[in-house]
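Visitor: Given only the sequences and the hints, what does the whole structure look like? Please build it.
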Amino acid sequence: MAKARLRIAALYPEQLNIYADRGNIAVLESRCRWRSIESHVTAVGLGETIDPERFDLIYLGGGQDDDQRRCAADLLEHKRSGLIAAAANGAVLLGICGGYQLFGHWYELADERIEGVGILNVETVRGKGPRLIGNVAVETSLPGASPRAVLAGFENHGGRTRLIGGGAPLGRVIKGNGNDGVSGEEGCRDGNVIGTYLHGPLLPANCWFADWLIATAIGASAELAPLDDALELAAHKAACAAAGVNG
Amino acid sequence: MNSLRLALASFAARAAGALLRLAGSGGTSAPGKILLALAPKAIAQRSAALERGCAVISATNGKTTTSAIAAQIMQRDGAALVHNRAGANMAGGIAAALNDQHGDFGLFEVDEFWLAMLVDELRPRSVLMANLFRDQLDRYGELDEINARWSKVAISPAVGQIVLNADDPLIASLGSDVDAALYYGIEDETVGSEHAQHATEQACCPICAEQFSYSRYFVGHLGHYYCAKGHPGRPKVEVSASEIATSGLGSSSFTLNIGGRSYRAELAMPGLYNVYNALAAAALANSLGVSDEAIIAGIAAASPAFGRAESLSVGGRESSIILIKNPAGTNEVLRTLTSDRASRDLLIVLNDQIADGRDISWIWDADFEQLADSGRPITCSGSRAVELGLRLKYAGVDPELIRVEADLREALAAALDGGGERLVVLPTYTAMLEVRELLVSRGAAEGSFG
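Sequences listed follow chains A and B, in order.
Everything in the first sequence is counted per our numbering, starting at 221 for the first residue and increasing by one.
Everything in the second sequence is counted per our numbering, starting at -5 for the first residue and increasing by one.
Incorrect hints may have been included.
What the hints assert, rightly or not - List of simulated lysine-lysine pairs, DSS-like, C-alpha gap at most 27 angstroms: (1) A:K457 <-> B:K387; (2) A:K395 <-> A:K457; (3) B:K319 <-> B:K230; (4) B:K27 <-> B:K146; (5) A:K395 <-> A:K348; (6) B:K230 <-> B:K146; (7) B:K35 <-> B:K146; (8) A:K457 <-> B:K319; (9) B:K319 <-> A:K348.
To be verified - Covered by chain B, per the in silico footprint, the following chain A stretches (three or more residues, Cβ under 8 angstroms): (10) 274 to 288; (11) 420 to 428.
Just so you know, these hints were derived from the structure itself, not from any lab.
Yeah, the Cβ is synthetic: ideal placement off N, Cα and C, and Gly gets one too.
Guide: Structure below.
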């Protein structure tokens, strides 16, 4: 195997970082470092474009409404074509919370519609009901991962997201609300493009998923060296327990 | 009819309070809720009867400590206070304080979400809006929402004067359409940093929507900021702190400037965040016409509020309890801690009850990296002890030095066995209550608190 490396783009780290998105990046970096996989994080901010050849994993977090509005406009103007090309190259694209919504086709607020990148077949509407807030556990089925592996995290979103045009969910809700609180679906996945409402942050609570992302981004044949994950597995169990599920 | 109704409701609430106390419940807001159910206008009526009026304090960080300092100042000005001391800061707690206490001046810390509703009832002479940090987002939704509510407070005809932190751009902009806002801030650039910490909010110029640039960051996004396009930035301050000396875990001092007058102020609380609290209390008092002498004396007399940086003696050893609840505050506590040279045993307790915040993601925004080189064991406890331990591991703390013990009694015993000169406990809110009780039962004389 060629010397493995993971090149991460963190989009708008100054604007879209509301639910400790930094923790997700820290986990990816550390778990690469501990395996002697070279990793490099590049912050890509407002006005900058994305060179699809330069990144294996592209991360988009969530933010306050105003910040999200600014970043949505910037995504369309400067980054949309780069994101589409990166996805076509097989790069992993991970959008969390607001980032998930922006990967979809649009986000409808009371009197406006924010256009998304449209690389996931979802639409989001700001519902009249209360924000969907709480611990959540989701059962997934990802190629190469354990069948029915559980993702645990915390959700906090006003938007209701719906799969459209044949979009497939990331997983099925065991406890919590998920996309809209009624469909039983959580997140969306199309190949290596993934969106989810789960933070907590997501990857510290689900190290198996962090490793799945790393392996997928590096290349399908990558076998990751095992790590001492006692604390990570205990944290996963605790996050599952907080949602009321045995991890 | 109205006053009869209020009198009967008031009696019922007091009776309920007495019953609750007999039953051993510490509930400080339940009697207030009863009062409000029976007499919905009780807060407005009781508040209007206060001879010297009232003042209101709100912030995401430090409102209990700021209120405690302001209380000391107002007492030195001769006020007989009606004050929600226990931090019961929603309608029920304020109604209970108004019902149970007799005085001529009301001093109320108010929950940030309740502020707009309560100022309409209280009609305060001054409202202090001290800061807006990302805090308890799972309860309230996003910061923008609170900011929108506070904008209404700033221009409310029910409010006499607003007192604003000039160093918080989210707060300072609340005064842009108000003639008589009183601003305060820190002037001493030597205590700040040129770089933002990780948990820093981004604030934009309200005119051109460009992000503000900073020449200095003090605490989180509080600092000296300006618009790169030349639009108005940080407003001029009337009350300020300069020549600040923060000395480890014990205390701090600074020069307090009010108008053109300067005084040395001594504060028995550590850290820059407490200088902000004292400064806020001083500015509020100044807006109420309190003398400079009473302000300086009140700051000197203030002791840490319940659970916020208390010192106590456990088995002959100096111990500190310092509340942590969000990234900005935690970063400051860690900064103060690592500047202290004494060897210490550290116990961090993370709970996830509603009062702590159900969402624990914030620990990943706090700079626990500051502990990476401490070289001493760190004990993690609370209902989310494991996640806290994991956070420390990814912050670069040697896994061998991370002890995870969910049971608080066991964790405390382990930390006390560490043999350092001092025990430092960093609990979230409900954990703080538990730690306090345990320490008292272990023989920390309760008189030694504060």
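Visitor: Tell me if the straight-line CA distance from K395 of chain A to K348 of chain A falls inside 27 angstroms.
Guide: holds (22 angstroms)
Visitor: Starting from K457 of chain A, check that the Cα of K387 of chain B is at most 27 angstroms away, please.
Guide: Status holds; Cα separation ~17 angstroms.
Visitor: Tell me if the straight-line CA distance from K395 of chain A to K457 of chain A falls inside 27 angstroms.
Guide: Holds: K395 of chain A and K457 of chain A sit about 14 angstroms apart, inside 27 angstroms.
Visitor: Take the C-alpha atoms of K319 of chain B and K348 of chain A, compute the straight-line distance between them, and say whether it is at most 27 angstroms.
Guide: violated (30 angstroms)
Visitor: Verify the proposed pairing of K35 of chain B with K146 of chain B, using a straight-line Cα cut of 27 angstroms.
Guide: Judged against 27 angstroms, a Cα distance of about 21 angstroms means the pair holds.
Visitor: Does the structure keep K27 of chain B and K146 of chain B at a Cα separation of 27 angstroms or less?
Guide: With Cα atoms ~25 angstroms apart, K27 of chain B and K146 of chain B stay inside 27 angstroms; holds.
Visitor: Given that the region 274 to 288 of chain A was listed as covered by chain B, double-check it with a C-beta distance under 8 angstroms for 3 or more residues.
Guide: Three-residue rule met by the region 274 to 288 of chain A, so holds; n is 4.
Visitor: With the threshold set at 27 angstroms, check whether the alpha-carbon distance from K457 of chain A to K319 of chain B stays at or below it.
Guide: Answer holds: K457 of chain A to K319 of chain B is near 23 angstroms, not above 27 angstroms.
Visitor: Cut-off 8 angstroms, C-beta pairs, minimum 3 residues; does the coverage of the region 420 to 428 of chain A by chain B stand?
Guide: Answer holds; 4 residues pass the 8 angstroms Cβ test.
Visitor: Against the 27 angstroms threshold, does the CA-CA distance of K230 of chain B and K146 of chain B hold or violate the hint?
Guide: holds (23 angstroms)
Visitor: Assess, step by step, whether the Cα of K319 of chain B is no farther than 27 angstroms from the Cα of K230 of chain B, and give holds or violated.
Guide: With Cα atoms ~31 angstroms apart, K319 of chain B and K230 of chain B exceed 27 angstroms; violated.
The structure fails to meet hints 3, 9 from the earlier list, while all remaining hints are met.
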